[in-house]
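Peer 1: Spelled out, the chains give:
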Amino acid sequence: MKRITIDPVTRIEGHAKVTIQLDDNGRVAGTEFHVTQVRGFEKFTEGRPFYEMPGITARICGICPVSHLLASSKACDAIMAVRIPPTARKLRELVHAAQIVQSHALSFFYLSAPDLLLGMDCDPATRNIVGLIAAHPEMARDGIELRKFGLQIVEAVAGERVHGFGIVPGGISAPLQPQVRDHLLVDLPSAKAIARRTLDFFKRALDGYAEEIEFFGSAPMMSAGLVDRLGNLQLYDGMLRFRAADGTITADGIEGDDYATWIGETTLRDSYMKAPYFKPRGFPGGVYRVGPLARLNAIDQCGTPVADAELVEFRERFGAPAHSAFLYHCARLIEIVYALERIEVLLDDEQVLDKHVRAAAGVNAHEGIGMIEAPRGILIHHYNVDDDGAIVKANLIVATGHNNLAIGRAIQQVSERFVDGAKLTEGMINRVSAVVRAYDPCLSCSTHAAGEIAMRVTLVGADGEVLDDVSRF
Amino acid sequence: MAKSWMMSRASEDSAAIVVVGYGNTLRGDDGIGWRAVESLARRNLPASTVVLTAHQLDPELARTIAQAKLALFVDAERGGKPGSVRCQAVSSDAPDSDFSHQLTPAALLALAQNLYGTSPVAFEITMCGEGFDVGEGLSPICEAALPRLVEAIAQKIGI
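Line by line, the protein sequences are chains A and B.
Using the working numbering, you'd call the opening residue of the first sequence number 1 and step up by one each time.
Using the working numbering, you'd call the opening residue of the second sequence number 1001 and step up by one each time.
Rather than coming from a laboratory, the hints here were simulated on the basis of the structure.
Beta carbons are placed, not taken as given, at the ideal position from N, Cα and C, and that holds for glycine.
Hints may be right or wrong, so weigh each one.
[Said to hold, decoys possible] For each label pair, taking beta carbons as the anchor points, the in silico distance ranges come out as:
no.: 1; chain 1: A; residue 1: 134; chain 2: B; residue 2: 1144; range: 55 to 61 Å
no.: 2; chain 1: B; residue 1: 1132; chain 2: A; residue 2: 305; range: 31 to 37 Å
no.: 3; chain 1: B; residue 1: 1089; chain 2: A; residue 2: 208; range: 32 to 38 Å
no.: 4; chain 1: B; residue 1: 1131; chain 2: A; residue 2: 267; range: 34 to 40 Å
no.: 5; chain 1: A; residue 1: 280; chain 2: B; residue 2: 1137; range: 50 to 56 Å
no.: 6; chain 1: A; residue 1: 134; chain 2: B; residue 2: 1159; range: 54 to 60 Å
no.: 7; chain 1: B; residue 1: 1024; chain 2: A; residue 2: 196; range: 23 to 29 Å
no.: 8; chain 1: B; residue 1: 1079; chain 2: A; residue 2: 264; range: 48 to 54 Å
no.: 9; chain 1: A; residue 1: 200; chain 2: B; residue 2: 1016; range: 36 to 42 Å
no.: 10; chain 1: B; residue 1: 1132; chain 2: A; residue 2: 393; range: 47 to 53 Å
no.: 11; chain 1: A; residue 1: 387; chain 2: B; residue 2: 1045; range: 49 to 55 Å
All chains should be built: construct the whole structure from the sequences, respecting the hints.
Peer 2: Have a look at this one:
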């Protein structure tokens, strides 16, 4: 038996490693995906006042703190037993849509575009954003512009581009000023144009990735996402739907309060990331996906005209449901289109400027659950509090956790297809890493510079002898 | 920071002088950059100056600084005498770095040059911190030395 370790996997959020077990003939016998850091937020928040939870849990992540602010604030709304003002709900959806734009732009342009535009087998010394700038400066500029647009809206509503303070229990801390709204609308056409040409470019480029589409985590499995009563895509609100691999709806209309009836959690050997599963099918049979591709599979339609047209084309080309994890990239771009359409609708709505944006109350319930669609998938915050509002128990199910089992299966499939135990190559290592990146996992959820971390792959024989070793920094 | 989002937004992409204070305010003296530019922002600054705070330098800043004449990066530093202030020029000729969403000042300048064809004169103005443990607030020695850091920034701006 031989073992290959990819540690760490690069250009993802957080720290992980992959172990590939080879048999004596050099064929892949098994794979494991390890998340090697522990965060502990569920434990150390015990005893904190519930209204501190949005600010504390936002620190889980430097890329999608808005997701934690929103899910946490929704859980706090439930503890206060308030219905937030309509304008606050719209502002929350606005800032969430903007976060989808900036987070998806980061994933596509900064983290995955080097693979997609420069090639999986490209020299790792240039397969990064610097190489991307040299080869495709217009694409790099577009990525910067799109991310900047999203971050400006986040700053306008949440108060800061990262770890804002404007999303609070009961609503939003301050109304949106008319002149700020007007400035945001000025930049919207440019953002839409970037999304349009990027999606058009990538749809053409997909013709060159037939092998990746076929073998990058294409095993059929369930998809989970939030939908409204009409089956439209919902990112801020909505009910949980599970759609089976054959396209039939397995479970539908599940409110956030009832998530524990349908989602179980277990732990895996050698990983700090929990592994949620669909309870009726048990573990590990209840594996499912979340995130952009799963959302497009789960919904009936997006609910906005341009994104809906793209969804029709996507389904005609790749099937419904579509199963290749490689298509997460395409789904991400369609969701950027959708989010920009929602941003336009919300900014054009005069009610978004209303001054009533926050409901006030104390502890009126001992339990609160908040559920949203984060950029990477379903995010659930579940709190229990005592009479004084102190946290007694906190349970967080993060988007990437839902995908834990699916990522593991995708690694297995890619390894079986591309890994040759007799010889390690950059393209081989990168394809295993790239299938993890396709899910855009947010493991730490903290930011880091990809280039500062080394990737090391070691091939060890059954007797402990190092047969091959590839490092890069 | 009690900043005006509108003022920042309206001038960000056309400012002649860009001052960025960055670091982690939850790690003691790592918040020196934030504290310094917050203090600077209370002064009577030239109209074409924009003052920004950030946890780290990210690629989105490239467009902002590309159109400026002067960029000042204000940060904490490790290893020297706590409270000492250092100012050094930053060059866009620095070697390319392999980054995703966190940059050095030199890499940011290089990014601006490569993407937009221009980059400003730039300086990195730093103060050595004493403690970087978890917690808000500066160490007493850095708190006392903060005016010197603010004055060093003001001198570069010319006020």
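Peer 1: Take the hints in turn and mark each one as holding or not.
Peer 2: Hints and how they fare:
1. A/134 - B/1144: 55 to 61 Å: Hint violated: Cβ distance 46 Å, outside 55 to 61 Å.
2. B/1132 - A/305: 31 to 37 Å: This hint is violated: roughly 51 Å between Cβ atoms.
3. B/1089 - A/208: 32 to 38 Å: 44 Å, violated
4. B/1131 - A/267: 34 to 40 Å: Holds: the Cβ-Cβ distance is about 36 Å, inside 34 to 40 Å.
5. A/280 - B/1137: 50 to 56 Å: Between residue 280 of chain A and residue 1137 of chain B, where Cβ atoms are some 51 Å apart, the hint holds.
6. A/134 - B/1159: 54 to 60 Å: Violated, at about 39 Å.
7. B/1024 - A/196: 23 to 29 Å: 37 Å, violated
8. B/1079 - A/264: 48 to 54 Å: Since residue 1079 of chain B and residue 264 of chain A have Cβ atoms about 50 Å apart, the given range 48 to 54 Å holds.
9. A/200 - B/1016: 36 to 42 Å: Since residue 200 of chain A and residue 1016 of chain B have Cβ atoms about 37 Å apart, the given range 36 to 42 Å holds.
10. B/1132 - A/393: 47 to 53 Å: 32 Å, violated
11. A/387 - B/1045: 49 to 55 Å: Taking Cβ atoms as reference, residue 387 of chain A and residue 1045 of chain B lie about 50 Å apart, which means the hint holds.
Checked against the numbered hints listed earlier, the structure breaks hints 1, 2, 3, 6, 7 and 10; every other hint is satisfied.
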